[in-house]
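2 protein chains.
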Amino acid sequence: METSGYLSNSFDGLHSNDEDDDEMVDIAGATLDFSSSDDVPPLCSGDFDEFSSRRVSMNGHGPSQMVDPLDDPLPGVGTYEDFNTIDWVREKSKDRDRHREITHKSRESTVALLLRISDAFSGWLLMLLVGLMAGALAGGIDIAAHWLTDMKEGVCLNGFWFNHEHCCWTSSEPTFQERDRCPQWQSWAELFSGTSTGALAYSLNYLMYILWALLFSFLAVTLVRAFAPYACGSGIPEIKTILSGFIIRGYLGKWTLITKTITLVLAVSSGLSLGKEGPLVHVACCCANILCHLFTKYRKNEAKRREVLSAAAAVGVSVAFGAPIGGVLFSLEEVSYYFPLKTLWRSFFAALVAAFTLRSINPFGNSRLVLFYVEFHAPWHLVELAPFILLGIFGGLWGALFIRANIAWCRIRKTTRLGHYSVVEVVLVTGLTALLAFPNSYTRMSGSELISELFNDCTLLDSSQLCGYKQLPNISDTGVGNTLGDRPAGEALYTALWQLALALLFKMMITVITFGMKVPSGLFIPSMAIGAIAGRLLGVAMEQLAYYNHDSLIFKGWCSQGADCITPGLYAMVGAAACLGGVTRMTVSLVVIMFELTGGLEYIVPLMAATMTSKWVADAFGREGIYEAHIRLNGYPFLEPKEEFEQSSLAVDVMRPRRADPALATLTQDGMNVGEVEALVESTHYSGFPVVVSQESQRLVGFVLRRDLLISIDNARKRQEGVVSASQVVFTEHTPPLPPEAPPPLRLRGIVDLSPFTVTDHTAMDITVDIFRKLGLRQCLVTHNVRLLGIITKKDILKHMAQISNRDPDSILFN
Amino acid sequence: METSGYLSNSFDGLHSNDEDDDEMVDIAGATLDFSSSDDVPPLCSGDFDEFSSRRVSMNGHGPSQMVDPLDDPLPGVGTYEDFNTIDWVREKSKDRDRHREITHKSRESTVALLLRISDAFSGWLLMLLVGLMAGALAGGIDIAAHWLTDMKEGVCLNGFWFNHEHCCWTSSEPTFQERDRCPQWQSWAELFSGTSTGALAYSLNYLMYILWALLFSFLAVTLVRAFAPYACGSGIPEIKTILSGFIIRGYLGKWTLITKTITLVLAVSSGLSLGKEGPLVHVACCCANILCHLFTKYRKNEAKRREVLSAAAAVGVSVAFGAPIGGVLFSLEEVSYYFPLKTLWRSFFAALVAAFTLRSINPFGNSRLVLFYVEFHAPWHLVELAPFILLGIFGGLWGALFIRANIAWCRIRKTTRLGHYSVVEVVLVTGLTALLAFPNSYTRMSGSELISELFNDCTLLDSSQLCGYKQLPNISDTGVGNTLGDRPAGEALYTALWQLALALLFKMMITVITFGMKVPSGLFIPSMAIGAIAGRLLGVAMEQLAYYNHDSLIFKGWCSQGADCITPGLYAMVGAAACLGGVTRMTVSLVVIMFELTGGLEYIVPLMAATMTSKWVADAFGREGIYEAHIRLNGYPFLEPKEEFEQSSLAVDVMRPRRADPALATLTQDGMNVGEVEALVESTHYSGFPVVVSQESQRLVGFVLRRDLLISIDNARKRQEGVVSASQVVFTEHTPPLPPEAPPPLRLRGIVDLSPFTVTDHTAMDITVDIFRKLGLRQCLVTHNVRLLGIITKKDILKHMAQISNRDPDSILFN
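Read top to bottom, the protein sequences are chains A and B. The first sequence runs 1 to 815 under full-length UniProt numbering. The second sequence runs 1 to 815 under full-length UniProt numbering.
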């Protein structure tokens, strides 16, 4: 199939290495002058959707042949332009054809049977590879980020490649309390000035902290700009768009992967208010996309590839949170568009493989997959639902506020000159962050360390400030002093609370301007940190309230003196879930991820109450989560599968041409010649044309795509003898009788889609939108009493929806 | 909307209580003579799809009015016949219309706004109620079944309503070992003969055991036959069919609920080889359906109701296994057809509520939701994957064999006279089961007790036979005697193994004839028990192998002498998962349910390996799970969403009429009179007719359903003055000019679906099947160059698929 060449001469010599050059397609695109490529952002090299370039290039060396277009599709026919929507129906039926062929052949020979079996298992093998690769990368990122983060504070004398913890493992003083302090690890002040105390040492450490942070972030943004502009941000909005059936070449390519992996480590280490969770999803999807190239089945089919990408999204969350089930549900709920049950099972498999790979790497040295795994033991009481719901309200409000503020800021960045100074911006924000973060120990530590500390329950021996409770003097009196009962707060705890409150304000503000900069930046950790701080504050407040008022009406009966009735760590966890829920609008997956972090069914109800409240509160201010908001900001053609279409419009209101417009441009099945067809195509910018029996009857025969038509005509003019502008273009099965002196006709039935989707003009738009969503259509024809009236594309629908909600319909940029 | 009455006289007086009489609809059905009701099994009263009867009866008392059919739909129009397929598109757009109306009204008044808010929250309230009710019922069933099961063995002297365990709680001898033995609990032999040992006592207990078993099962089958024939079986196949958009009136009605709850307790207690898990799903769905009647939104819309039922299926599994997440995934993977994300979240909520309700009832007295919750501590080794995969192969083989044997037996029951003797059959099987089960302690105990015992790990103090290991003499030598290292098997264990092997054979055979009898019967527990026995046997074998060959190549390095390297309980669990997977072909949900039972990520890999192997092995013998096989046996029109349509046929090959058949019966939009329409409808058995511009052009205008047409004509003849057989039937918007002496025309545009789905004759069937599945269509029209050619219904597709796989196409019974 691949060895025959049609476009050989035209492309010969242009292309020798067929791996990752997108210019191939760009050249083809330029030659054929596709109108839709006007608004395309600058591409970086990479190989998402390399399929088409590969098809072209692989066919670029064969002998020139005369082939009837009916027998075998032309190369390029059936592929897509960059920044265009795919046709799910076509892709899926292409895969079914392929599968049928393999099944059919397998009855003939043993080799073919073996091929069929290997084909059946290639999906599983691919999943295994994706899991292994993503797990290994995540482990590497964790270790590297840990090391670089510690680098900001000091260096290990045994070898600079040890992080703080590893450095002290080899120390001869392995007492528990002093585990973090060992002579081998020296802060920069100790190294330079020989002392670790005093104003000078503090200033030195402060300075080094800022310098390292600036270096890391400068490196990160420079690398992103130089090698892969697509490596910035969290990547989830784009992945959602790609999974819904959109093409962004290079977005999941190998340059993006390499750059994102390195810059993610740098960005996380720089101390910016961002996390690695979202970008890990992007990294996992890149792995999947690259590994897809090993299997023809996935390389050649956009729909099949998206199944793998859906599973990869699950893998990303699985390694980010150590939550394989939560990851699968995240993929199902948040990112995926087409998620058949087979994918569910495979995603689960890949997510497990990745989790176990990561565990065997053991990046945190605690046999856990995340830094903030917790185990609570105390039960919660029904009365506590009130503060949990309060946290939910906080999370919802914060989520709504954050989305508005962040989108407003990103819009400024996008529309003003600020966008041109991304390096300066990143360096400035990093400097500001480092300057403000260092003095406060809770902002100085990394996001996941902070969350880990806030989630943890205090033990009696705990030396952290957050556990600075007064030791009860009457241990022997009450007999409860040895348990972990609620105790009054001491000085240290009050200091910690003040610091936390300041950290909360700081994080809330800095996150708004950080998310969306030109470095890899995830939103999960900052959101969770904000929620965890708020939750911990409320938790300690509740604890003190309970301690001093244990005889009041609220606490009586379930919280006696000295009992451990309030767990501030649980409040932190609930707060984290609430804030994350408010920002992303995740529901089930969020609760399941949190459930996998705690491992107990017990705490699902508080988590659920907070998440639910948070979602409702946030939805009251705007139904979009942060990812949908960013998708809209970028003008991607994303048809939200969750949102119901509420309007009562009909298909006739949405279709093009509008009443005042000129009639729809159609091709007749045998009444036009090559020149006329070319003129028609030139004069319009439509990406497809209906084929009708005759212009008078407007009786629909089929639909032909602009790209396919242009490629076919172009090819025929070059390859097929006698095809000139006067040649008749024939879309029918049998060539009609032609005058004897006429040039040979150009038969193009092969590229006509004979079963285009049609709806009547009376079809309600809600049904039409449903059809588009469920079947993944690109366009749909509108008829009235079987007379062709117009056409509805996905873009038309999105524009219509934008208009309804008083947004600018021209914000939808792509087809 | 509901107070105006159209059918008042015709139905007046027939109906006073509108609660649960289905005869209403039957009468209407009989009057209108719908042809599809030929093969309908006997109905029992109940109230699934009471909607239509309610509509009719509520309209049966209003004043007679003359209403233009265009303004408001006639009662009955838009509802469905029993044993018919619903139209998802119509239901969903009905709901959207309703929602739009509420949203629109809410801007006008505060009351309407409150109504809108209450409407938005009614879904959550309903879920809460479903969770509470199903959880409470499950708790009641557990307690009652526990009590009745113990009743077979003896009675509590303190009060017959205590079960064995409760009876001994109050005992004064609460030593751990003797917890089960207390003077208050007397076996029947003790009660009657005063002695608990000797042949006489044994025979007495044996006899009483059989007698109680016979009594329980006789009561169960009699109650099912008398009150609700739909209460038999597991119910999952029918629920799958209902959720895919089929109507079975009474299947989820209150009589079914009451009968199923009671008879389930009896059937479980009778000692038959069946479980309560499947029927609990049915019970939860009945609860949901009944509670739907409290909310207009769900009562009146078949699609919305099915969302609630999907959630209820999750609730059922959640209370059956104490696995809320597993339940939601079960519903998603196994039973549901249309599962939007909103439903996912609500299902999860309902499943949690139910789990917590059940936990607060605490039926097992261990604060767990299931009897067989386990916690393992020992890790597993990679080498053990081999026996796990072996268990997977066993599970797959058993699953495939069981499905074939059970379906063959059910077919015999269905087609021969055996089906008429269901009471005798149940009593005979119970007698046989009791007779064979009593002598073997592993078959005598209930299925879940057996599983619990097999899953559990041996502790040193364990007195059960399964832990009859030899005490190691050299405790002080090796220093490991006190741990739970592997030990050599003792006499007691060998006896237990023999008994288990016999129990395995017995269970395998008796389950085949038990499943499908006229009592409520679930398949989860028997399947799991069979797998658990096989797994435990293999586990003990491995343990002994490791003990005696700890220096061999296989065990060297990870299993030193005296170490606890093999956990036979884990093998039992893996075996249980494998067998359940082989029978039901569940994947993710099964692993997650098992994960929730153990609570550790550690054991997911063995479970996954076994489940995957089991599915692959079983699929090699036939791709249908037991539920799909039963659906097919019953001839329900179920379009499997998982199966790919592999054939390359086109729409034109499947559509009716076939080439040799007479042309399609169509109505013209204004060229027929009432008599002609009636004659056309009489002469065919189609459930709908396309409306065309004229018979010559066959240009499609719309589609009208037989039921709607008949109700409208019937109503018009009675209500509308001057409508006689000669009246013209007009489907157009404007009445064409009529001769002055003509009777007034009958305008029926209101019942025409102006946007029927159409495909072209060239559309591949795989795409068509996809459209049917994803949009939930009932029928689809086929056109060629916009000329109407034919029609494809869901039944046609199923018949076509049956034909392809060499099955009898007439096995598809319903529309």
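Read the hints as simulated data drawn from the structure, not as lab findings. There may be inaccurate statements among the hints.
Each pair may be met inside one copy or between any two copies, as identical chains are not told apart.
List of simulated lysine-lysine pairs, DSS-like, C-alpha gap at most 27 Å [what the hints assert, rightly or not]:
1) 799 x 414
2) 642 x 297
3) 94 x 556
4) 799 x 470
5) 254 x 718
6) 414 x 470
7) 342 x 799
8) 642 x 799
9) 774 x 414
10) 94 x 774
All values derive from a computational prediction rather than experimental measurement.
Do the hints match the structure? See the list:
{"no.": "1", "hint": "799 x 414", "verdict": "within (21 Å within a copy, 57 Å between copies)"}
{"no.": "2", "hint": "642 x 297", "verdict": "between (30 Å within a copy, 20 Å between copies)"}
{"no.": "3", "hint": "94 x 556", "verdict": "neither (68 Å within a copy, 52 Å between copies)"}
{"no.": "4", "hint": "799 x 470", "verdict": "neither (62 Å within a copy, 78 Å between copies)"}
{"no.": "5", "hint": "254 x 718", "verdict": "neither (35 Å within a copy, 74 Å between copies)"}
{"no.": "6", "hint": "414 x 470", "verdict": "neither (52 Å within a copy, 76 Å between copies)"}
{"no.": "7", "hint": "342 x 799", "verdict": "between (34 Å within a copy, 25 Å between copies)"}
{"no.": "8", "hint": "642 x 799", "verdict": "within (18 Å within a copy, 34 Å between copies)"}
{"no.": "9", "hint": "774 x 414", "verdict": "neither (33 Å within a copy, 39 Å between copies)"}
{"no.": "10", "hint": "94 x 774", "verdict": "both (18 Å within a copy, 18 Å between copies)"}
Against the hints set out earlier in the document, violations occur for numbers 3, 4, 5, 6 and 9.
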